[in-house]
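Visitor: Chain order of the listed sequences is G and L.
The opening residue of the first sequence carries number 1 in the working numbering; numbering runs sequentially from there.
The opening residue of the second sequence carries number 474 in the working numbering; numbering runs sequentially from there.
None of these hints come from the bench; they were simulated from the model.
Treat the numbers as computed from the prediction; the structure is a model and nothing was measured.
Accuracy of the hints is not assured; some may be wrong.
Unchecked claim - Sample of chain L residues with no beta-carbon within 10 Å of chain G, all distances over it, derived: (1) Lys475; (2) Leu476; (3) Arg490; (4) Lys513; (5) Ile518; (6) Arg520; (7) Gly521; (8) Val526; (9) Pro530; (10) Leu532; (11) Glu539; (12) Asp540; (13) Ile559; (14) Arg574; (15) Ile575.
What the hints assert, rightly or not - Each computed SDA-like pair below joins lysine to any residue, with the alpha-carbon atoms no more than 25 Å apart: (16) G:Lys322 - L:Leu532; (17) G:Lys254 - G:Ser66; (18) L:Lys513 - G:Ala109; (19) G:Lys98 - G:Thr115; (20) L:Lys507 - G:Ala109; (21) G:Lys323 - L:Val503.
To be verified - Sample of chain L residues at the chain G side, in silico, Cβ under 10 Å: (22) Asp497; (23) Gly500; (24) Glu517; (25) Thr522; (26) Tyr524; (27) Phe565.
Positions of the beta carbon are idealized from the N, C-alpha and C atoms, including for glycine.
Each chain, written out:
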Amino acid sequence: MKLHKTPTLMGLAGLAGLTLLAVTHPAFAQDASSAMSSAASTAASAAPDASASASAAAPAAPAINSGDTAWMLTSMALVLMMTIPGLGLFYAGMVRKKNVLATVMQSFAITCVVTILWFVIGYSNAFQNNDWNNPGAFIGSFAHFFMAGINGNSINVAEAPTIPEYVFSAFQMTFAIITPALICGAFAERLKFSALLIFMALWLLFVYDPIAHWVWGHGFLGSLGVLDFAGGTVVHINAGVAGLVCALVLGKRKGFGTTNMAPHNLTLTYIGASLLWVGWFGFNAGSALAANGLAGSAMMNTQVATAAAALAWMFVEWAVVKKPSVLGILSGAVAGLVAVTPASGFVNPIGAFVIGIVAGAVCYYAAAHLKKMIGYDDSLDAFGVHGIGGIIGALLTGFFADPDINSAGKGLWFGNPGQVLIQIEGIATTIVWTAVLTWIILMVVKMLVGLRPSEMDEEEGLDISQHGESVTE
Amino acid sequence: MKLVIAIIKPSRLEEVRQALNSLDVHGMTVTEVKGYGRQKGHSEIYRGTEYAVHFLPKLKIEIAVEDSASDGIVSAIRESAQTGRIGDGKIFVLDLLAVTRIRTGETGAAAL
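Sequences are here, hints too, so could you generate the full structure?
Guide: Structure follows, in structure tokens:
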């Protein structure tokens with residue numbers, strides 16, 4: 001599981017409870033042993049006083065589990081499918097016809113660029129530590145430059161003790177791919193392709209990798225106890241806020257507010273949103289990093305929250321503008337997927353249901369009204385859906401984390417109001433880091449190649465002006 | 474000779490074609506066009522942003538006929554294209570000065 005909390009009495013008690021359950025309840029033993037080995041390795045890495053738990057976990061020395069590995073191989077492919085073709089189509093349907101190829105190109109090119117960077121240095125920076133006992137480290141290590149030192153039998157014991165390290169790294173790679181790709185929604189139809197490539201490379205190295213390390217790689221936010229099961233903070237708040245900064249720095253599309261910028265083909269958006277929903281089981285249930293009960297909880301929570309959010313957006317919109325729109329129900333589903341992401345392995349399905357309803361209604365408000373009130377052109381609502389949805393999810397995880405689902409998280413509802421403050425600290429740190437760094441990177445890219453195409457190129461459409469192609473009639 | 478130009482809803486084309494067929498009209502030209510009259514377009518709302526769509530898709534039918542046939546054709550089109558709702562379209566009748574069949578060189582009514 002992607003949570004690394006300094007072991008407390010509670011954690012040890014949970015471990016003892018698991019052991020007890022494993023002994024008294026054979027059917028639970030298999031799940032418990034994998035959960036235990038991960039919890040034990042966390043304890044061993046972060047606390048010197050771990051001899052008690054270490055002896056309890058001694059029989060479960062790190063070993064590759066074929067069931068876990070099979071599920072994680074599948075999850076990697078599911079999450080990759082979210083970006084290509086899922087996100088690419090989701091966004092492409094919402095732009096005008098002259099920018100549809102440029103939009104799918106962004107998702108595809110980012111997939112390629114991030115893959116290379118991740119294999120070269122990203123994985124090492126995010127998920128390897130020179131010193132596992134030093135959670136204050138800003139960034140991981142450089143030890144696995146070009147995947148050095150990893151082979152088919154390697155295991156990242158501290159992160160995922162039952163699957164091959166290549167599988168863990170490839171799974172995490174797909175998260176590193178979709179996060180920058182999400183930002184594209186904010187600057188759709190008006191960023192030069194050369195600028196996109198440079199921006200995304202720098203953004204991965206200086207924004208995504210550090211934040212992933214802080215929250216998931218035994219960094220300071222994880223040690224603080226920030227709960228982020230599958231990436232509400234690392235992925236969605238991060239990408240959403242970066243999107244807002246991009247929209248503000250780039251300015252509005254030419255003709256914004258006067259010309260018709262209606263989506264050119266919502267059927268593509270429908271296919272994309274549906275692929276995102278299906279792929280999201282790899283994202284959330286896969287974040288258990290094992291084929292176990294926690295993955296099952298995450299799966300159920302994901303399904304319930306998504307349906308609730310889709311209906312919430314649809315009904316709110318129906319009440320406000322008198323028609324239940326296709327784009328509305330699709331947007332609501334994505335808002336629900338986003339919001340349940342940090343919560344999926346901590347809350348119970350009732351918590352997920354509430355999170356979904358809140359996310360659907362509030363994200364509708366953010367996309368339909370907040371954007372106009374403030375007056376930025378977040379073309380496809382990367383901030384309105386991912387930024388706002390991510391914040392809702394991260395906050396509400398602090399309310400609804402149910403220790404019966406995951407002993408590592410206990411929210412306000414279950415008597416731990418402090419968790420909400422910890423969540424806010426995680427949210428605030430991420431917002432500040434990503435906002436400042438995104439702005440700096442944009443300035444660097446502007447100096448190097450400029451950000452926007454010429455007005456004529458933008459008017460002609462990015463398909464022709466950037467790529468020399470167009471979709472046929 | 475007359476040139477009958479009808480602007481109709483795209484969904485009514487087949488009814489209009491059948492009606493004209495039963496009047497022994499066996500040739501016509503159909504073009505996809507956009508425009509607006511009293512209907513004044515409509516509005517579409519995407520995530521709270523409203524876009525006015527001024528030009529709606531219509532079909533334009535052009536038929537060249539002899540003077541005596543034109544009234545019957547106009548009423549046949551009117552009856553078959555009508556839905557009773559705004560946006561059903563219009564029919565224009567113009568005097569037609571000359572017609573030539575390209576293949577044979579025939580002119581006038583013989584070329585219709």
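Visitor: Are all beta-carbon distances from Asp540 of chain L to chain G longer than 10 Å?
Guide: holds, 40 Å
Visitor: Straight-line Cα separation of Lys254 of chain G and Ser66 of chain G no greater than 25 Å?
Guide: Measuring from Cα to Cα gives roughly 54 Å; hence the hint is violated.
Visitor: Quick check for students: does the CB of Leu476 of chain L sit more than 10 Å from each CB in chain G?
Guide: Nearest chain G Cβ is 29 Å from Leu476 of chain L, so the label holds.
Visitor: Can we trust that Pro530 of chain L is non-interface, i.e. its beta-carbon lies farther than 10 Å from all of chain G?
Guide: Holds, because the least Cβ-Cβ distance between Pro530 of chain L and chain G comes to about 14 Å, which exceeds 10 Å.
Visitor: Was Ile559 of chain L rightly flagged as not at the interface, with every chain G Cβ beyond 10 Å?
Guide: Non-interface label stands for Ile559 of chain L: nearest chain G Cβ at 19 Å, farther than 10 Å.
Visitor: Are the Cα atoms of Lys507 of chain L and Ala109 of chain G separated by 25 Å or less?
Guide: Distance ~38 Å between Lys507 of chain L and Ala109 of chain G Cα, so the pair is violated.
Visitor: Would you say Ile575 of chain L is clear of chain G, with no C-beta pair closer than or equal to 10 Å?
Guide: Nearest chain G Cβ is 28 Å from Ile575 of chain L, so the label holds.
Visitor: Find the nearest Cβ of chain G to the Cβ of Gly521 of chain L and say whether that gap is larger than 10 Å.
Guide: Given that some Cβ of chain G is not farther than 10 Å from that of Gly521 of chain L, nearest at about 2 Å, it is violated.
Visitor: Minimum Cβ separation between Lys513 of chain L and chain G greater than 10 Å?
Guide: Its Cβ never comes within 10 Å of chain G, the nearest being 15 Å, so this holds.
Visitor: Is the shortest C-beta separation between Thr522 of chain L and chain G less than 10 Å?
Guide: holds, 7 Å
Visitor: Would the least Cβ to Cβ distance between Ile518 of chain L and chain G come out above 10 Å?
Guide: violated, 5 Å
Visitor: Within 25 Å, alpha carbon to alpha carbon, are Lys322 of chain G and Leu532 of chain L?
Guide: violated, 30 Å
Hint violations for this structure: numbers 5, 6, 7, 8, 16, 17, 18, 19, 20, 21, 22, 23 and 27, all remaining hints satisfied.
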